[in-house]
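Using the working numbering, the first residue of the sequence shown is number 108, and each one after it goes up by one.
Derived by calculation from the structure, the hints in this document are not laboratory data.
Careful: at least some of the hints might be erroneous.
As a list, the in silico DSS-like pairs of lysine-lysine whose alpha-carbon atoms are at most 27 angstroms apart [as the list claims (entries may be wrong)]: (1) K175 with K192; (2) K146 with K192; (3) K176 with K192; (4) K176 with K146.
None of these values were measured; they are calculated from a predicted model.
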Amino acid sequence: MIAFLMAALIAGGATFFIGRRLQPVASGPSTIQIVAAAKDLSPGVPLTAGDLTMISWPDNVPLTGSMKKIEDAVGRPLFQSVGAKQPVLQRDLAALGSGFGLSGKIPPGMRATAVRSNDIVGV
108 MIAFLMAALI AGGATFFIGR RLQPVASGPS TIQIVAAAKD LSPGVPLTAG
158 DLTMISWPDN VPLTGSMKKI EDAVGRPLFQ SVGAKQPVLQ RDLAALGSGF
208 GLSGKIPPGM RATAVRSNDI VGV
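Working from the sequences, and respecting the hints, build out all of it.
Below is the structure:
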């Protein structure tokens, strides 16, 4: 009986001291909030605040072109479809007020010119 009590006391003490020394495990990776589609979005239509939402993104996985504020994407049309809950990136959007099509794909300060060609050239 005494051996049983001693074993229980030693086991309890060891559990207590080991438990105090262990570091708490982190709940998960740190995240940031980025702009994403609230629903499936089609190209060509200017985005509204209702089309967008914020999602959590792992801080240690950089996403080039992601936006931190919904206001940065509102009013800009998409070049391609974006699925629900997928990040909306700068490269997916036309410039504000540029409309959709070729004019939206031309960077500010640049110009596009039509080049005449025929079927033989294969341009």
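Practice problem: Given the hint that K176 pairs with K192, test it: the Cα-Cα distance must not exceed 27 angstroms. | Solution: holds, 15 angstroms
Quiz item: Going straight from one Cα to the other, do K176 and K146 come out at no more than 27 angstroms?
Solution: Within the cut-off at roughly 17 angstroms; holds.
Exercise. Could you grab the alpha-carbon distance between K146 and K192 and see if it respects the 27 angstroms cut-off?
Key: holds, 7 angstroms
Quiz item: Taking 27 angstroms as the top limit, are the C-alpha atoms of K175 and K192 close enough?
Solution: Holds. K175 to K192 sits at ~15 angstroms (cutoff 27 angstroms).
Checked against the numbered hints given earlier, this structure breaks none of them.
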